[in-house]
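> Given next are the chains, with one letter for each unit.
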Amino acid sequence: MIGGKNVLFTLAFALVPAIASAQQKPTKPAKKPSSMTGMPGMNGMPADSGRRKPGAKPAPAMHDTSSMAMGSMSMPIPMPAGMPMIPGLVGLKPPVGEFLPAKGVDPRTLPLANPTQIARLKDGDTLDLTAMLVRRVINGRAFAMYGYNGQVPGPLIRVPQNATIVVRYHNRIDLPSTVHWHGVRLDNRDDGVPGITQDSVMPGGSFVYHVHFPDAGIYWYHPHVREDIEQAMGLFGNVRVDSPDRDYYSPVNAEQTLVLDDLLINGDTLIPFGKDAPDFALMGRVGNVLLVNGEPRYSLTVKRGAVVRFFVTNVASSRTYNLSFSGAPIKVVAGDVSKFEHEERVPSVVIAPAERYVVEVAFDKPGRYALVNAIQAINHYAGEFAAEVDTLGFVTVGATPAAPSYAKQFATLRSNAKVTQDIDRYRQYFGKAPDKRLTLTVSISGLPLSLPLATVQFMNVDTAYYAPVEWVDGMPDMNWLSTSKQVRWIIRDDATGKENMDIDWHARQGSVIKLRIFNDPKSFHPMQHPIHLHGQRMLVVARDGVRTKNLVWKDTAIIPVGSTVDLLIDASNPGAWMLHCHIAEHLGSGMMTVLRVDPAEAGGR
Amino acid sequence: MLGGWLGRVLLAATVVAAADRAGPFDISLFNTQNAPDAHGQARLVFGQSPFGVAVTADGRASYDVRITAAGLPDPSTLGRYSAYVAWAVSTDLSRWDRLGTVTNGDNTVGRAELNKFLLVVAAESTATSPHAGPTVLHGTSPSGWLQSFLSHPLFRGIPP
Chain U
1 MIGGKNVLFT LAFALVPAIA SAQQKPTKPA KKPSSMTGMP GMNGMPADSG
51 RRKPGAKPAP AMHDTSSMAM GSMSMPIPMP AGMPMIPGLV GLKPPVGEFL
101 PAKGVDPRTL PLANPTQIAR LKDGDTLDLT AMLVRRVING RAFAMYGYNG
151 QVPGPLIRVP QNATIVVRYH NRIDLPSTVH WHGVRLDNRD DGVPGITQDS
201 VMPGGSFVYH VHFPDAGIYW YHPHVREDIE QAMGLFGNVR VDSPDRDYYS
251 PVNAEQTLVL DDLLINGDTL IPFGKDAPDF ALMGRVGNVL LVNGEPRYSL
301 TVKRGAVVRF FVTNVASSRT YNLSFSGAPI KVVAGDVSKF EHEERVPSVV
351 IAPAERYVVE VAFDKPGRYA LVNAIQAINH YAGEFAAEVD TLGFVTVGAT
401 PAAPSYAKQF ATLRSNAKVT QDIDRYRQYF GKAPDKRLTL TVSISGLPLS
451 LPLATVQFMN VDTAYYAPVE WVDGMPDMNW LSTSKQVRWI IRDDATGKEN
501 MDIDWHARQG SVIKLRIFND PKSFHPMQHP IHLHGQRMLV VARDGVRTKN
551 LVWKDTAIIP VGSTVDLLID ASNPGAWMLH CHIAEHLGSG MMTVLRVDPA
601 EAGGR
Chain X
1 MLGGWLGRVL LAATVVAAAD RAGPFDISLF NTQNAPDAHG QARLVFGQSP
51 FGVAVTADGR ASYDVRITAA GLPDPSTLGR YSAYVAWAVS TDLSRWDRLG
101 TVTNGDNTVG RAELNKFLLV VAAESTATSP HAGPTVLHGT SPSGWLQSFL
151 SHPLFRGIPP
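So the protein sequences, as listed, match chains U and X.
To convert, note that position 313 of the first sequence is 313 in this note's numbering; the numbers rise steadily by one, no gaps.
To convert, note that position 142 of the second sequence is 142 in this note's numbering; the numbers rise steadily by one, no gaps.
The set of hints was computed from the structure by calculation and includes no laboratory data.
We put the beta carbon where it would ideally sit given N, CA and C, even for glycine.
Check each hint, because a few of them may be wrong.
[What the hints assert, rightly or not] Pairs of lysine-lysine, BS3-like flavour, derived with a Cα cap of 30 Å:
(1) U:522 - X:116
(2) U:418 - U:122
(3) X:116 - U:549
[As the list claims (entries may be wrong)] One-sided excerpt, in silico: chain U residues whose CB lies under 8 Å from chain X:
(4) 340
(5) 350
(6) 381
(7) 383
(8) 469
(9) 546
(10) 562
[Said to hold, decoys possible] Below, a sample of chain X positions facing chain U; criterion: calculated Cβ distance under 7 Å:
(11) 45
(12) 48
(13) 53
(14) 96
(15) 115
(16) 143
(17) 149
(18) 150
Only chain U is shown next, with the shape it has when bound in the complex (with noise of 0.2 Å):
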């Protein structure tokens, strides 16, 4: 096996043998890789499918995908246009089978998925959740895939929070799968984590889950089996929880949920996933067809001057998002588990998966503002970044002015004085030695050196870099490849050098504990982690020695590249609780511990 620090070189594919079962004959690179440039985004997508460049030229137009075709064989996965395969990649498949939802059923059978439906519940009130088949049509294409009763995303759930809920879950779908309730402080025999929590609830069972609320604010539930598949399949939904305070957020004129989400998808097919084993291991699946809500195109009008608050929730297996509204100012109220200690201004809302953030939106004049994804990409060939930008929808402003105004308390910036009480009582701990030090790395084993010495030499030097957030994949055909056969995604135990669940990792109830995240930037592939701890809230107090300004409390927060995070958890609620990355191809790939929270009266160590 191949550790993370030695290993660019080895690296570079390391992947490639191991694929050598699936080896088809390599083809000779395309000789005229423009000729991609030319073609649509998508087999069948419209013109007009939302996905705009703005002055793009044709090599950074990285972001609209085509199929590759090599010769006489048709390469399944989507390049970056202007990106061709890598040089000896071309013909390879992951060692693994591969799976699709009701494989070999006609999606026409299936009943057509609806969007979100709002359950709202009482204190002591039941739902039943089910886990089912569904049909989608995405840009005119019909897939099977899944939903929860029928919707995608699942039903919007609204509470008052300190409600206690029972959910009867089904499961109607082909694959074993739980509910977890992300972001809830919930008991832990409701964490709905198969193996630490409860078993995994098989084909045609079902599993009944009592979930209390203690925080207000915007949460979700997926599956945490295979959340690869069964969450990139549409196993999500939102559960909003209200604070009986009515003052708890500024008024608005409207609310809006937006449920951030991609798919991987080449003309007809959805690209399969691996049934033995995620594949995509290396940076994760990196969708192309973005869609907000489970379509591709969000649509809202609003009058003039009209102030939008928007619940924003990234369920994408890997994307980064960076959104604007076409410079309409934004303010950020609150983020996963509360709000803000102060009300901000930000140009745009960075939002990696898992992650929840609240923010306020004012539309001053009348038009469309296009909501946008704007980031950086790394074009690997040119060796230069490009921008990049996505439409994902617009919001019309028609003309007449929206009754009342909130344009004054927009302007008001809100200081949340129960939020920083609450945070002081933590202060004093902020300072602290760290409790618990963990390194983010990975390893690769059972490698190859088969490639072209120039393909090596190119991957090892495209490898000395790594920007601190990768925001699309450059490399899919790679990507792809990597399996968790080969991926090892590696949280180490500094002190104890134990890695992943091996880790015994132990605190009181009650307890404060500082834990130390650096993301190595000297491991093969390093990238970015959202890391999520459950059942727990966490403050991050400090990244790269400087000390946060503004808090808020969490239950993910994104580990950049060579960064060092340092969070506070407030160690309140016992139980048996996973901390792992949130891209889910690096869970499957074994990115997990367990903090285990011992109850107060038991001791603990």
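Once you have looked at the hints, place chain X on chain U.
Below, chain X without anything else, positioned relative to chain U:
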């Protein structure tokens, strides 16, 4: 195609160089003949952001630049200069963003929002003067590791 011993030598050099890289936030500063005893390091730190990762609306990283310098002579010894100023400079030298003044010791000089850039410390007439003076330290953002392969036979034909 590169091959044989030449290719392997290049490969080895690449690997050694890459293995020594300090990470995506560190910049080594090199002196010039204007200040042969000067040396320094720079560190890029994400600016404060409620999201943990500070970027511009178009996705460029937004870094606070910290410079630790030593051996800088009094700027007046280089001519009619009164300050050292750090600049974030686009790689085509067309854009010079003033970051702030630099002295021997630790300095947090300002915010850089370029994908790839040169970090230049130059003696200037004043702390606010346009750039005109001699360079004493310079380095390259870590993203400078990105190289173009478009001229390589393997990749020939890819649009520039």
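> A separate judgement is required for each hint: does it hold in the structure or not?
A quick look at each hint next to the structure:
1. U:522 - X:116: holds, 20 Å
2. U:418 - U:122: Since the Cα atoms of residue 418 of chain U and residue 122 of chain U sit roughly 25 Å apart, the hinted pair holds (cutoff 30 Å).
3. X:116 - U:549: Holds, at about 28 Å.
4. 340: holds, 6 Å
5. 350: Constraint on residue 350 of chain U satisfied, holds at 4 Å.
6. 381: For residue 381 of chain U, the interface hint holds, since the closest Cβ of chain X sits about 5 Å away, which is under 8 Å.
7. 383: With a closest approach of 4 Å, the residue 383 of chain U hint holds.
8. 469: Holds: closest Cβ of chain X sits about 6 Å from residue 469 of chain U, inside 8 Å.
9. 546: holds, 6 Å
10. 562: For residue 562 of chain U, the interface hint holds, since the closest Cβ of chain X sits about 4 Å away, which is under 8 Å.
11. 45: holds, 5 Å
12. 48: holds, 5 Å
13. 53: Given a least distance of 5 Å, the restraint on residue 53 of chain X holds.
14. 96: It is violated, given that the least Cβ distance between residue 96 of chain X and chain U is near 19 Å, above 7 Å.
15. 115: holds, 4 Å
16. 143: Since the shortest Cβ distance to chain U is 6 Å, the answer is holds.
17. 149: holds, 5 Å
18. 150: holds, 6 Å
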